[in-house]
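There are 2 protein chains.
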Amino acid sequence: MSVLKNAAASLKKGNFIVVYDSDGREGEADLIFCAKCASPRAVSIMREKAGGLLCLATSPEVAQKIGLPFMSDLLLSDERLAEIIYNKTKYGDKPAFSISINHRESKTGISDDDRSRTLTEFGKIVSMPKTAWRRSFVKAFRTPGHVNLLIGRGIENRRGHTEMALEIARIAGIPPAMALCEITGTRRQMTRDAAKKIARENGWVFLEGKDFFGE
Amino acid sequence: MSVLKNAAASLKKGNFIVVYDSDGREGEADLIFCAKCASPRAVSIMREKAGGLLCLATSPEVAQKIGLPFMSDLLLSDERLAEIIYNKTKYGDKPAFSISINHRESKTGISDDDRSRTLTEFGKIVSMPKTAWRRSFVKAFRTPGHVNLLIGRGIENRRGHTEMALEIARIAGIPPAMALCEITGTRRQMTRDAAKKIARENGWVFLEGKDFFGE
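Here the protein sequences come in this chain order: A and B. Numbered continuously in this note's numbering, the first sequence closes out at residue 1086. Numbered continuously in this note's numbering, the second sequence closes out at residue 1086.
Heads up, some of the hints might be wrong.
Claimed, not checked - Covered stretches of chain B, as calculated for chain A (at least 3 residues, CB under 8 Å):
| no. | segment |
| --- | --- |
| 1 | 922–933 |
| 2 | 942–955 |
| 3 | 974–980 |
| 4 | 1001–1015 |
| 5 | 1036–1049 |
| 6 | 1055–1069 |
No lab work stands behind these hints: they were computed from the structure. In this text, a Cβ means the ideal position worked out from N, Cα and C, and glycines have one as well.
With these hints in hand, go ahead and build the complete structure from the sequences.
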C-alpha cells in the first residue's frame, strides 16, 4: 500500500496524522485529523501536543456552495487595510484563511467541548448532500468565532498543509473537513526530524510534501 | 494598596496576571500580560498553561488612529455572511475581534519567536507618539495573520477580559497593548477556584470582575 493510502486508512479510523511540508517552504509540521472524528479529548491533544491555531480546512467547492470568502478578499473591503494585506506570505503563497466560526451552541467558543462541537458539526454538514450545505451551515454557525476556516486552493496550485490535508481526505473518501494545528517547537517550528519522532512516539503516521509531490 | 493597583504593579514588572470575569458572564479566566514585555518563553507559557487563542487587545483610540475595524463590521461587507454574524454572543456581548496580524518579519507567524515579535513590536508602536501609530503599524504588520487583535469597547460599556486588561494597563500607566489567552480547563473553561489555584501556584496575581465592578 502506498504511504498516502496508508495515511488515509489511519485517518479514516479517527487517528491523527502528522504532515510536514518541506524545508524549502514553511518548514512546518501540522497535526491533522478528520473534523467529524473530533472529540473534546482530541482538541485537548491538539492544544497540548501541537500548540498552534486550531483550524478547519475545507474545499473550494464547499466554500463556494456555502459562500465562504477568503479573508484576504474580505479585508479588501476596508481601504484602510489595503497596504497591509498579504499579497504573498514569506514562504511565497497566499494565506488560506477564511472566516472564523463558532457552533451556535458554543458558550465561550474556545473550550474543548465548544471547539469539538464546532469541528464535528461542520464535518457532519459537509457529509450531507450538497444541496443542504448552505442552509445547514447558516443555521448552525456564527462568526467571528474561535475556529479558523481554511480554504484549499487545490493541490495543483498550492503545496500547503491545507491542500495536503484535503488530498488525504479525498484519498480516504471522507468529506472535505479536516482539523489542522501547527506543531510549535521551542521558539521555532519543530524540525522535520523532531516532528517525525513525535509521530513515532504517538503512533501517528508521518507524511511530508515529497510523498505528495515527489522529490 | 488596592487589589487593582497591586495587579498593575505586578504587570508593569513583566509578570502574568490571571483575570476571571464572573460566573454569570463567560465564566472564563484569561492569562494576561503586557505585549511589550513578551518573549518567546512567555508565548510558550501562554500556549502550555492557557491553551486558548493568543490575542492582542488594544484601545478604541489606537484602533481608530491605525484604522482597525471590528471583524463583525468587516464581515458585513459580504452579504452571504449576513445571517451568521454574531449580533450578541451567548454571554450577551458583541465580540471584541478585529483583524489578525503577523509582524512582516514572521516566517510562519505561529512560532514562539514569531508571535513574540508580533506582540512586542505592536507594543512598541503603541508606546510611540500617537502621530506615528498608523505609519509605523502599516510598515510593520501584515494581515491575515496568527495573532488576533481585540478592540476594547470601554470598561463602562463591556465587562470583558479585553476591557479589564486595558483597564489594568491604564492603571499601570503602560500603553494599551495587552496579550490575552483563555485558560482552557479539561473540556470546559477552568472554574474560578481552579484558576485562582493556578495563579497562586505560579505566583501570578488573580483578579476577577468584582474587583473592577463591585459585587
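So, going through the hints one by one against the coordinates:
1. 922–933: n = 3 at 8 Å, threshold three: holds.
2. 942–955: That given contact holds, which follows from 10 residues of the segment 942–955 of chain B lying within Cβ reach (below 8 Å) of chain A.
3. 974–980: Three-residue rule met by the segment 974–980 of chain B, so holds; n is 4.
4. 1001–1015: It holds: at least three residues are needed, and the segment 1001–1015 of chain B offers 6 whose Cβ sits within less than 8 Å of chain A.
5. 1036–1049: violated (count 0)
6. 1055–1069: holds (count 6)
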